[in-house]
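Construct the complete structure from the given sequences, taking the supplied hints into account.
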Amino acid sequence: MSSIVFVESAEGKVKKTSLEAVAYAHAMGGSVTAIALGSVDSSELESIGKYGATKVLHASDSKLNQGIAKAYASVLIQAMSQENADTLVLAGSSLGTPVAALVSVQLKASLATNVVELPSTSAGFVVKRSIYTGKAFSYVELTTAKKVIAIKKNAAELKEVGASVSVTPFQPTLNDADFNAKIISTEKATGEILLPEAEIVVSGGRGMKGPENWGLIEDLAKALHAATGCSKPVSDLGWRPHHEHVGQTGIKVAPQLYIAVGISGAIQHLAGVNSSKYIVVINKDPDAPFFKAADYGIVGDAFEVLPKLTAAINAAK
Amino acid sequence: MKILVCITHVPDTTSKINFTDNNTKFDSTGVQFIIGPYDDYALARAIELKETSGATVTVINVGLAETEPTIRKALAIGADDAIRVNSEPTDSFFVASQIAEHAKGFDLILMGRESIDYNSGVVHSLVGEMLGLPSFSPVMKLEIEGTTVKMSREIEGGKELLEASLPLVAGCQEPIAEWKIPNMRGIMSARTKPLKVVEPIGIESNVKAQKFQLPAAKGAIKMISADNVGELVSLLKNEAKVL
Ligand SMILES: Cc1cc2nc3c(=O)[nH]c(=O)nc-3n(C[C@H](O)[C@H](O)[C@H](O)COP(=O)(O)OP(=O)(O)OC[C@H]3O[C@@H](n4cnc5c(N)ncnc54)[C@H](O)[C@@H]3O)c2cc1C
Ligand SMILES: Nc1ncnc2c1ncn2[C@@H]1O[C@H](COP(=O)(O)O)[C@@H](O)[C@H]1O
Numbered sequence: 649m650s651s652i653v654f655v656e657s658a659e660g661k662v663k664k665t666s667l668e669a670v671a672y673a674h675a676m677g678g679s680v681t682a683i684a685l686g687s688v689d690s691s692e693l694e695s696i697g698k699y700g701a702t703k704v705l706h707a708s709d710s711k712l713n714q715g716i717a718k719a720y721a722s723v724l725i726q727a728m729s730q731e732n733a734d735t736l737v738l739a740g741s742s743l744g745t746p747v748a749a750l751v752s753v754q755l756k757a758s759l760a761t762n763v764v765e766l767p768s769t770s771a772g773f774v775v776k777r778s779i780y781t782g783k784a785f786s787y788v789e790l791t792t793a794k795k796v797i798a799i800k801k802n803a804a805e806l807k808e809v810g811a812s813v814s815v816t817p818f819q820p821t822l823n824d825a826d827f828n829a830k831i832i833s834t835e836k837a838t839g840e841i842l843l844p845e846a847e848i849v850v851s852g853g854r855g856m857k858g859p860e861n862w863g864l865i866e867d868l869a870k871a872l873h874a875a876t877g878c879s880k881p882v883s884d885l886g887w888r889p890h891h892e893h894v895g896q897t898g899i900k901v902a903p904q905l906y907i908a909v910g911i912s913g914a915i916q917h918l919a920g921v922n923s924s925k926y927i928v929v930i931n932k933d934p935d936a937p938f939f940k941a942a943d944y945g946i947v948g949d950a951f952e953v954l955p956k957l958t959a960a961i962n963a964a965k
Numbered sequence: 034m035k036i037l038v039c040i041t042h043v044p045d046t047t048s049k050i051n052f053t054d055n056n057t058k059f060d061s062t063g064v065q066f067i068i069g070p071y072d073d074y075a076l077a078r079a080i081e082l083k084e085t086s087g088a089t090v091t092v093i094n095v096g097l098a099e100t101e102p103t104i105r106k107a108l109a110i111g112a113d114d115a116i117r118v119n120s121e122p123t124d125s126f127f128v129a130s131q132i133a134e135h136a137k138g139f140d141l142i143l144m145g146r147e148s149i150d151y152n153s154g155v156v157h158s159l160v161g162e163m164l165g166l167p168s169f170s171p172v173m174k175l176e177i178e179g180t181t182v183k184m185s186r187e188i189e190g191g192k193e194l195l196e197a198s199l200p201l202v203a204g205c206q207e208p209i210a211e212w213k214i215p216n217m218r219g220i221m222s223a224r225t226k227p228l229k230v231v232e233p234i235g236i237e238s239n240v241k242a243q244k245f246q247l248p249a250a251k252g253a254i255k256m257i258s259a260d261n262v263g264e265l266v267s268l269l270k271n272e273a274k275v276l
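Heads up: the sequence lines are chains A and B, in that order.
The first sequence: position 32 = 680 (my numbering), numbered continuously.
The second sequence: position 27 = 60 (my numbering), numbered continuously.
The set of hints was computed from the structure by calculation and includes no laboratory data.
Mixed in with the good hints there might be a few duds.
[What the hints assert, rightly or not] With a Cα cut of at most 25 angstroms, we get these calculated DMTMM-like pairs of lysine to aspartate or glutamate:
1. K857(A) x E765(A)
2. K244(B) x E765(A)
3. K49(B) x D824(A)
4. K857(A) x D60(B)
5. K274(B) x E805(A)
6. K183(B) x D140(B)
7. K270(B) x D824(A)
8. K174(B) x E835(A)
9. K270(B) x E659(A)
10. K137(B) x E805(A)
11. K711(A) x E272(B)
12. K925(A) x E272(B)
[Unchecked claim] Coverage of chain B stretches by chain A, computed from C-beta distances (three or more under 8 angstroms per stretch; other residues unrestricted):
13. 138–151
14. 188–199
15. 242–248
16. 251–264
[Unchecked claim] On the chain A side, residues computed to face chain B include the following (Cβ under 7 angstroms):
17. T745
18. L750
19. Y787
20. T792
21. F818
22. Q819
23. L822
24. A825
25. L842
26. T897
27. A942
28. A964
29. K965
Think of the CB as a built atom: it goes at the ideal place given N, C-alpha and C, for glycine as much as any other residue.
Okay, here's the thing in structure tokens:
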């Protein structure tokens with residue numbers, strides 16, 4: 649097996665989820681070549697080697713600074729062909745997932761997205777996927793030699809297994825027709841911890857009463873270096889932006905720790921948080937359904953508990 | 034303008050998921066089926082475009098006869114006609130190949146950002162690529178001006194505004210449109226709207242589902258007094274080791 653790993657970056661930095669994809673490919677065995685597109689800090693690229701890439705390619709053409717899935721897919725196909733790679737591994741995302749799909753069609757490769765674990769290869773090549781919005785898993789066999797695997801956060805353990813490697817420039821042929829959309833503008837929270845990638849998430853629900861009270865959520869998030877999230881009614885009411893809405897119809901998170909404050913725990917909300925390692929629930933109603941899905945719970949008024957908890961976290965540092 | 038909307042027939046979002054036959058089959062006992070919530074947004078946007086610019090709306094589903102009530106619901110909401118590809122939707126590649134077979138000639142192909150059973154999030158990209166059309170997802174806003182489509186797409190931590198040309202494929206999510214509820218007239222007329230059943234084209238899938246599994250049950254919750262938040266901090270630190 650020989651893998652290419654598509655490495656995504658944001659603000660010049662390699663995304664942690666992409667490093668997990670490198671670790672995943674390394675753990676699968678065979679040679680691992682990582683490739684980054686557009687402008688990325690070179691020190692960031694070199695350090696990809698630590699997670700198991702033996703080679704790092706960089707297609708730095710400024711045309712690739714905008715993530716157009718079709719153009720990216722075409723670059724990855726060229727890289728796979730140059731490196732004789734049979735498998736593409738990447739982290740599922742708003743760019744990675746479509747890129748995976750486009751590559752799979754062109755290469756007639758078998759495709760699996762939402763993969764949560766390393767494959768088992770004792771009888772065929774079998775991956776475990778998350779389905780029914782985290783309520784179940786399915787084991788699927790990928791039957792072709794060419795494979796495209798899009799992993800979910802935490803599918804592979806991130807550990808240093810090697811040393812930095814030097815970066816090899818990669819100059820693909822860029823076809824104008826592949827730039828099939830014009831990105832007019834991007835609005836993106838900068839410098840913040842992004843919800844889909846966060847290790848700790850503090851989320852507020854309708855129990856927070858109004859947007860003016862979100863300072864309490866933000867203070868706790870800041871103390872924990874956490875991202876902030878919310879329930880659907882909170883974003884529907886315009887208290888918080890849509891990209892913070894967690895659940896069945898919003899972002900699915902998979903942090904180490906999810907803290908839910910003033911959220912009742914409707915099944916559609918739980919669908920977005922059931923991949924969290926630990927869940928803390930703070931709710932004034934002892935019968936709130938969320939307690940049934942939690943590891944730790946506090947029955948109490950958010951407006952009293954939150955300031956105390958933030959202070960206790962800061963004191964424990 | 035001709036719009037194709039791809040809809041799934043999926044367990045209602047409150048369903049408990051169970052499997053039978055040694056974890057190889059979905060257990061539909063007591064499960065209510067609905068139009069996939071994201072597909073419902075796609076359908077709602079299509080109906081809005083029909084109302085404002087006179088488009089025709091066709092819905093398509095890859096599924097066995099049991100999905101027909103769900104397809105009729107889409108007709109009741111306002112779609113003009115429907116196609117059911119008579120086959121179990123085994124995997125995304127298979128489903129996309131079937132849809133691509135019937136999607137030629139449409140100006141706009143709308144889907145949900147993902148199905149809530151398979152959760153692949155790729156059928157729109159696959160269909161687009163099979164037909165040589167651009168595809169975008171998850172799209173939160175979609176306006177058509179001539180042959181230009183202006184979209185807003187959700188990205189990690191924000192959104193991106195983009196433009197592309199018809200024909201194209203879009204995977205939809207809120208707030209692209211408000212879900213529509215069928216009215217009595219819609220329900221009556223849906224009974225007689227054309228629903229064409231076609232057999233699937235023969236293609237070989239390159240992924241094979243083997244078995245299903247439910248997640249391990251959560252352990253018992255530990256309750257902490259609201260007057261002793263310090264205890265929570267020490268549990269998170271020393272027991273869960275997440276701080
Ligand atoms: C198809 C579909 C999809 C959906 N998708 C999603 C989704 O993706 N995400 C999502 O979140 N929801 C989703 N929903 C909505 C979901 O069913 C619930 O309505 C929603 O999650 C409830 O939000 P909430 O917990 O913030 O509000 P509520 O249910 O109103 O709960 C508020 C909670 O705050 C507590 N509270 C009140 N005051 C305080 C206080 N002072 N201190 C502490 N606690 C307090 C209350 O006890 C209560 O438990 C979906 C629904 C449908 C039908
Ligand atoms: N069996 C199916 N029949 C019709 N459309 C489907 C089917 N499966 C998926 N789709 C469409 O493809 C979208 C993405 O599905 P998925 O790639 O499975 O997450 C869905 O929201 C639907 O619009």
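Check the structure against each numbered hint from earlier and tell me which ones fail, lowest number first. 1, 3, 4, 7, 9, 10, 11, 21, 22, 23, 24, 29
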